[in-house]
Each structure stands twice: as C-alpha cells, then as structure tokens.
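With the hints as extra help, turn the sequences into a complete structure.
Chains U and D, in that order, are what the protein sequence lines are. When the letters of the first sequence are read in order and numbered with this note's numbering, they come out as residues 1 to 576. When the letters of the second sequence are read in order and numbered with this note's numbering, they come out as residues 1 to 163.
Please keep in mind that the hints were generated in silico from the structure rather than gathered at the bench. Hints are not guaranteed to be accurate.
Using 20 Å as the maximum straight-line C-alpha spacing, the simulated SDA-like pairs for lysine to any residue come out as follows [stated by the list, open to error]:
| id | chain 1 | residue 1 | chain 2 | residue 2 |
| --- | --- | --- | --- | --- |
| 1 | D | K72 | U | K289 |
| 2 | U | K185 | D | S44 |
| 3 | U | K187 | D | Q59 |
| 4 | U | K136 | D | F23 |
| 5 | U | K289 | D | R55 |
| 6 | U | K142 | D | E10 |
| 7 | U | K132 | D | N11 |
| 8 | U | K311 | D | D53 |
| 9 | U | K187 | D | K72 |
| 10 | D | K62 | U | V179 |
| 11 | D | K62 | U | P186 |
| 12 | D | K66 | U | S149 |
| 13 | U | K185 | D | L74 |
| 14 | D | K62 | U | R340 |
| 15 | U | K132 | D | T42 |
| 16 | U | K132 | D | A17 |
| 17 | D | K62 | U | V188 |
| 18 | D | K72 | U | S183 |
| 19 | U | K298 | D | R55 |
| 20 | U | K311 | D | A15 |
| 21 | U | K311 | D | N65 |
| 22 | U | K311 | D | D75 |
| 23 | D | K66 | U | K298 |
| 24 | U | K136 | D | Q59 |
| 25 | U | K311 | D | Q63 |
| 26 | U | K136 | D | A13 |
| 27 | U | K187 | D | L74 |
| 28 | U | K185 | D | G27 |
| 29 | U | K189 | D | K66 |
| 30 | D | K72 | U | S180 |
| 31 | D | K66 | U | P123 |
| 32 | D | K62 | U | Q194 |
| 33 | U | K311 | D | M1 |
| 34 | D | K72 | U | V188 |
| 35 | U | K185 | D | E54 |
| 36 | D | K62 | U | A307 |
| 37 | D | K66 | U | V179 |
| 38 | U | K185 | D | L73 |
| 39 | U | K311 | D | E54 |
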Amino acid sequence: MELSGAEIVVQALKDEGVEFIFGYPGGAVLHIYDALFGQEDVKHVLVRHEQGATHMADGYARATGRPGVVLATSGPGATNLVTGIATAYMDSIPLVVITGQVPTPVIGSDAFQECDTVGITRPCVKHNYLVKDRRKLAETIKKAFYIASTGRPGPVLVDIPKDITDPNIKVPYHYPQSVSLRSYKPKVKGNPRQIRKAADLIASARKPMIYSGGGVVLGEAASELTELTRWLNFPITNTLMGLGAYPGSDRQFLGMLGMHGTYEANMAMHECDVLIAIGARFDDRVTGKLDEFCPYAKVIHIDVDPASIAKNVPVDVPIVGQVKPVLSELISLLKSSGHRPDPDALEAWWAQIERWRSLDCLRYDRESALIKPQYVIEQLWEITGGNAYVTSDVGQHQMWVAQYYRFEKPRRWINSGGLGTMGFGMPSAIGVKLAHPEEEVVCVTGEASIQMCIQELSTALQYKAPIKIVNLNNRYMGMVRQWQEFTYESRYSHSYMDTIPDFVKLAEAYGHVGMRIEKPEEVRPALEQAIAMKDRLVFLDFITDRTENVYPMVEAGKAQHQMRLPPWISTDRELA
Amino acid sequence: MRHIISLLLENEAGALARVASLFAARGYNIEALTVAPTEDETVSRMTIVTCGDERIIEQITKQLNKLIDVIKLLDISGSGHIERELMLLKVRARGEEREEVKRLADIFRGRIVDVTSQAYVIEMTGDSAKLDAFLANLAPGQIIEVVRSGPTGILRGERGLHL
Ligand SMILES: Cc1cc2nc3c(=O)[nH]c(=O)nc-3n(C[C@H](O)[C@H](O)[C@H](O)COP(=O)(O)OP(=O)(O)OC[C@H]3O[C@@H](n4cnc5c(N)ncnc54)[C@H](O)[C@@H]3O)c2cc1C
Ligand SMILES: Cc1ncc(C[n+]2csc(CCOP(=O)(O)OP(=O)(O)O)c2C)c(N)n1
Ligand SMILES: [Mg+2]
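Spelled out as structure tokens, the structure:
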C-alpha cells in the first residue's frame, strides 16, 4: 500500500485502534485534516482551544488507561498545548501529541508560525520526535504509542513538517505490530531477592502502614493491592492520585494522607515502623518536612521508575518493577511462607489508630444556614453511590472531593495533582464522558478555575457530552485566600474577583441548562434533578459559605504529624 | 565528589540537547562534557564530569538512564579507570624562555607542535590534574591561549562499556 504522509498519520491511528483524536486545524496540519475528512473510524473532536484538547485527551486516558491523542498546528497551536502536556507529564499520563511544523526546508528561518516545538516541550514530555523522513513516519508513530503507554507512562510528541505530509508524494506503508528499542527496556518483574526481603520485613512489622499512589491506578493493580491489604489486615492510606485504588469506604482505609490528609492517616504514617510505599513518589505535599518524615520506619518502595526510588526519602528495600506482577509475587510469597506479623502487636496498633480516627477530623458544621461545600460533595457521593467519574479543577473544591467523595474504584477520580492545573476539570470531564457515555461524569470546580477553559462548554454541546458541572462558588480563589488567611494575616491580595459571570446565563448561552442553588435544603434536590437530565449538560452553581477552609492542613515547613485542625476540634480535649 | 560518567547514546539529532537540558532543568553541575561518534555510527559516546554527593550522583545516573536516547551508562570513577584530557596551549616563548618552556614541556611529556619566533603551541594529554599542574608551572603572563577538550575516560581491565 502506497500512502502520502498525511494518509499515513490517519491510517496509523486507525491501525493503533484510536477512537478519538482531539484537535484544532491550522496551516501546517491541513494535509492531515484533509486525510481525516470523510472517514469515521477515528472520530475527530474539534475543541475551542488547544489546551482543551490536551485535557480532554488526558481525561480520556485517565478514565480508560489508553493513550489520549491530540492534533494541533505549528506555532501558536503547539504552544497552546504546553500546559496540558506538562499536566499529563507530571501525573504520568499517556498521551500521543501530533503537531504540524513548518516545511523542512524553512525550519530555522523564523518562518510563519514556526516555533521549536521539540525544544519547547522537551522538559515536559517522556520523549519527542521531529520526523524528517516520511518513510519513518509510521514507525515513529508506533514508537510514540509504545513509549507513552509502557514503563512509567507519559506524553510523547511527534512533530511533523508540512512537506512530510504532502498528499502528492506516496511511499509504501507498513504499520509495525510492535517495536523494540535497545535504549528503552522498562522493567516489569521485580527482583525476587528484593521481594523476599520485603516479605521478611513485612512479617517483622509491629506498626505497619501501606502508602499507595497513582502507580497502582496506572498499573491496574487495585485488586492486588486490595488483596494484600486485606490479607495482612494492615492500615492503608492513598495519595491524592491513588484514591479509588483501595475502596474508600473500607474499614482499613484511613483516608488520604499529606497536606490535607486525615489526622489518622498522617499520625499512622508518623508512628509506623514499616512503611510499604506502592506506586507513590514521596511528593512534598505528602512528606511535609523531610527530615521528620516517618522517623521510625523502615521503608519498602515498589516503583517502575528507579528515579522515583530514594529521590526524597532513603529506602531500605527498593523494588523496581510494575506494581501488578510485584504485588502478585509478594502476595504468593507471604501466603506460602505462612508467617504473618505478630497479631497482638497489630491489634494494639489498630487500637491506637481507632483512637486517632475517633477524632473524626473531617466533621464540619451541618447546621449552618449557608451551603457548606463539604455537604455538597457528601450529597453527591450519596446520590451517585461513590461510583461516578469525578473530575476536578484545582483549589479547595479539589481537596473537598478528595476528602468527602469516597471512591470505591480506580480511574474514577480524575484531577491534576502534580502540576495543579486550573482549567483541567471541565475539558477532562468531556474526555471521560466520550469514553464512557453511559457513566455519570461530574466535574467539581470553582468559580475561578472554571473560567480558564470555559470555552469548551461549546465542544460539550457539539459532541453531546452531557456532563454535570458542580461549581462550588465561594467568590474567592479559596485555596489562595486560605493561605493568605493563615500566613499573610488575612491580607486577601487579589484572591477574589469583583466581577463573576452569571453562570446560569452563561450555561444557557452555550446551549446548556444552568441552575443556581443558594440554600442547603436545595442541594440534594438540585443534584437529583440535574442527574435525572440524562442528555443535558447541567451547570450547577452552588453559592457556598465563602469563608470555609480545608482542614486538616500541614502548613509549609511543618512535619506531617503537626496538622492544623479546625478550630472546633481539639486533640488535647478529645484524645486526652 | 567528582564523578566521571560515561554514556552510550543514540546518535540522534537532539540527544545532546536532552542531556544538557536535563542537567540545567534539575540544577545538576556539569564541569565538562565531551561527545563523539563511535565505531558504530548509530552510537555516540559521551563523557560527563560532574560533582555532587552520593544522593545527587545516584539521581543523575537514574535520570540520565531514563532518557530514551541513552542506551547505557557507567560511573567509571567508582572503579579503576584511565582518564585523559587533551590540551592545546599557546605560550609566549622568547629568548631564554624558549629553552625553559621546552624543558618543562618535556618533563610533562608535552610536544611542541608549532613554532614561531615569539611563541610555541604545545600539545599535551593526561588526566586533568596533570594539565593543571603544568599550567601552574608556567610563569604568570606567559600563556597566550589554552584549549582543553574536557576529560574522557575508560575502565581498566577487560570490562568495557559497549552494547
Ligand atoms: C492543591 C493541591 C493539594 C494537594 N494536596 C495533596 C495532599 O494532601 N495529599 C496528597 O497525597 N497529594 C496532594 N496533592 C498532589 C501532589 O502534588 C502529588 O501530585 C501527589 O501526592 C503524587 O501522588 P503519587 O505519589 O501517588 O504519585 P503519582 O504522581 O501518581 O506518580 C506515580 C508513581 O508511581 C510510579 N508508577 C507509575 N506506574 C507504575 C506501575 N505500573 N508500576 C509501578 N509504579 C508505577 C511512577 O513512577 C511514580 O513514581 C495536592 C495537589 C494539589 C494541586
Ligand atoms: C493555571 C493556574 N494558575 C494559578 C494557580 C494557583 N491556584 C491554585 S488554587 C487557586 C484558586 C482556585 O480558585 P477556585 O477555582 O475558585 O477554587 P476554590 O479554591 O475557591 O475552591 C489558584 C489561583 C493554579 N493552580 N493554576
Ligand atoms: Mg472559588
């Protein structure tokens, strides 16, 4: 089969089984757009801003585990992608991003809409390519999918000069079934000796703790994690990225840890003697002050990326490999060896944890005449049975979802943790909804974040993505305001907007349904009503208590057990 | 501590930029960097001289290994190794200086490869410390120009860094 470069791009996507491509046309990709014309195998989703395309592809990838695919033109098209690519990179999300470039002969001449896309994106991609030979195009696209989705996943960009996609020059087409790279051989299985050491250490634990993260979601190892945790009867906490990898309403689950983690999770981390870190990267929002982090613990760390291990925290038993096979191996070793940790010690440890838990650190004022944001999330959780796909933007609302929506399954919680990108929530929800049209998809956002990619409301209408938007409207950049209250003596410097759009009218202007909810008793009926509108996007504007803060909080420079609790909770009084 | 890291990498456009920008982005030190093709034209060999404590060097090697273009890597300063750097040096050589510079160059096994009435060009190889020592022995103001290649290195014994 002889194809032009442009046809090769489209055929390769078909051969790869790509369902959706999120894109926006322009001069340098017009040959590719012409090749997309009239075919239905790869559905093109026309966004309203290239950043939206990356977040949609990202949401699609997080919800399905398959790489999200993006297409944009050179110059401004490519630079508009950067935030979304960096977002995916920080959270290890597989994307394949195709950009047009100016024709090869004029590269480097400051040609119209030229920018060094490969150079600009280099620090925020797993790898990138500039294709200069159309005979290598198909293979390069295959490599991009392979690299993006194996090992520690991440975005891969393929930059294609316009002359390479010239419709008049055809070359033989062959899409390889598989590729192998001598310079890239990610490990799958863990070293058996290390796994044995881990099993021994686990058997000697008296105050064990499991700390698991996004790697368990990415590595499809939720069932292994659950099996291990239940069999050992160990307490477990999840990072923000790991939520849902262990059932959120299970007794052994202590909630999220870290800056806005629960009291019991952070205290158990601080006091534990054996820490089992699984697919988590000891981020500074988790560890707090490093030299006081888990001071009594021996650390086992399972991660596919050797560079994640011992980066921030010294590790006693490093295991490099995919979580799934490593956990299976560990489980069978523990079961066959038959020795378990001292049951009396474990019972005493659980008693201690239950005391911490009895503080009920997430309790809030349920009698308030104002809508409490926590209440909205709790109601959402109840109505959807903990089984909705929930995306979020960045800020207080994001933390309240993490704390109050108990995710029962992996891949249901979709948010930007590493980069913390405002504007991520709504477009990513569209990506999720397109992937799972039958599932409930909710975007929880704030009045500031939602305005960063608001234009994608139009895309949602065109491609029939009837998501529900829960706007926790506190008329503040709440997370910023909270920091200013705590550390800048309530000088609220530029953390509120004097002009906020009428979101009901805005939703309607885009062809959707808008609702404003101002009283606590209206919260549940409004949510039920919105969810009942199966085929409409509903924008729910909840006017919430604007002074609410996220608690607990480990403030900057503090150790993880030194949490700031809400003023209405006192450890001295209640745990004495 | 000073470390010498040897790498084999794909001879691809941009491979050097990836290594350089990794060091810049993560704030690692580069004291010297050399790169050239090998007997296999698809592979380049790079030598990086860097410094840092054990934890930083471990991160540097891990992060380098993560680059898709890096095929293999070895911190050769950990084992017995030979280190060589090439220096080309232009020195003022007039009157009595001429004999003295020649004698000093001989002691350091340097070769005079260009001669004019006023100056010599000396070629010298050795580990970096030796080249430093030679420079320190010249009279102040005598040096016109120094060109150093940066160190390269190889392991002693049979063990090699190859594909
Ligand atoms: C406003 C805000 C507040 C935040 N507060 C908190 C907080 O209180 N608590 C919190 O936890 N986070 C918080 N975060 C998020 C935080 O910044 C980090 O994104 C998060 O802690 C990282 O999660 P993780 O360690 O699970 O790593 P991820 O970023 O999910 O990385 C996954 C790790 O697993 C590895 N991995 C990937 N795939 C596999 C596989 N198949 N097998 C083995 N290993 C694999 C990767 O190499 C990597 O090391 C906050 C973010 C924001 C924006
Ligand atoms: C693109 C971007 N710019 C700035 C920030 C810093 N930031 C983090 S949270 C936040 C406020 C978010 O306000 P809002 O969306 O209303 O959420 P709230 O905290 O009020 O729930 C800001 C500005 C960011 N995370 N992303
Ligand atoms: Mg707000």
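Status of each hint after checking the structure:
{"no.": "1", "hint": "D/K72 <-> U/K289", "verdict": "violated (35 Å)"}
{"no.": "2", "hint": "U/K185 <-> D/S44", "verdict": "holds (19 Å)"}
{"no.": "3", "hint": "U/K187 <-> D/Q59", "verdict": "holds (18 Å)"}
{"no.": "4", "hint": "U/K136 <-> D/F23", "verdict": "violated (30 Å)"}
{"no.": "5", "hint": "U/K289 <-> D/R55", "verdict": "holds (18 Å)"}
{"no.": "6", "hint": "U/K142 <-> D/E10", "verdict": "holds (18 Å)"}
{"no.": "7", "hint": "U/K132 <-> D/N11", "verdict": "holds (15 Å)"}
{"no.": "8", "hint": "U/K311 <-> D/D53", "verdict": "holds (13 Å)"}
{"no.": "9", "hint": "U/K187 <-> D/K72", "verdict": "holds (15 Å)"}
{"no.": "10", "hint": "D/K62 <-> U/V179", "verdict": "violated (24 Å)"}
{"no.": "11", "hint": "D/K62 <-> U/P186", "verdict": "holds (13 Å)"}
{"no.": "12", "hint": "D/K66 <-> U/S149", "verdict": "holds (15 Å)"}
{"no.": "13", "hint": "U/K185 <-> D/L74", "verdict": "holds (17 Å)"}
{"no.": "14", "hint": "D/K62 <-> U/R340", "verdict": "violated (35 Å)"}
{"no.": "15", "hint": "U/K132 <-> D/T42", "verdict": "holds (17 Å)"}
{"no.": "16", "hint": "U/K132 <-> D/A17", "verdict": "holds (18 Å)"}
{"no.": "17", "hint": "D/K62 <-> U/V188", "verdict": "holds (17 Å)"}
{"no.": "18", "hint": "D/K72 <-> U/S183", "verdict": "holds (7 Å)"}
{"no.": "19", "hint": "U/K298 <-> D/R55", "verdict": "holds (18 Å)"}
{"no.": "20", "hint": "U/K311 <-> D/A15", "verdict": "violated (24 Å)"}
{"no.": "21", "hint": "U/K311 <-> D/N65", "verdict": "holds (15 Å)"}
{"no.": "22", "hint": "U/K311 <-> D/D75", "verdict": "holds (18 Å)"}
{"no.": "23", "hint": "D/K66 <-> U/K298", "verdict": "violated (27 Å)"}
{"no.": "24", "hint": "U/K136 <-> D/Q59", "verdict": "violated (34 Å)"}
{"no.": "25", "hint": "U/K311 <-> D/Q63", "verdict": "holds (10 Å)"}
{"no.": "26", "hint": "U/K136 <-> D/A13", "verdict": "holds (15 Å)"}
{"no.": "27", "hint": "U/K187 <-> D/L74", "verdict": "holds (19 Å)"}
{"no.": "28", "hint": "U/K185 <-> D/G27", "verdict": "violated (27 Å)"}
{"no.": "29", "hint": "U/K189 <-> D/K66", "verdict": "holds (18 Å)"}
{"no.": "30", "hint": "D/K72 <-> U/S180", "verdict": "holds (16 Å)"}
{"no.": "31", "hint": "D/K66 <-> U/P123", "verdict": "holds (13 Å)"}
{"no.": "32", "hint": "D/K62 <-> U/Q194", "verdict": "holds (19 Å)"}
{"no.": "33", "hint": "U/K311 <-> D/M1", "verdict": "holds (19 Å)"}
{"no.": "34", "hint": "D/K72 <-> U/V188", "verdict": "holds (19 Å)"}
{"no.": "35", "hint": "U/K185 <-> D/E54", "verdict": "violated (25 Å)"}
{"no.": "36", "hint": "D/K62 <-> U/A307", "verdict": "holds (5 Å)"}
{"no.": "37", "hint": "D/K66 <-> U/V179", "verdict": "holds (18 Å)"}
{"no.": "38", "hint": "U/K185 <-> D/L73", "verdict": "holds (14 Å)"}
{"no.": "39", "hint": "U/K311 <-> D/E54", "verdict": "holds (11 Å)"}
Consistency with the previously given hints fails for numbers 1, 4, 10, 14, 20, 23, 24, 28 and 35, ordered from lowest to highest.
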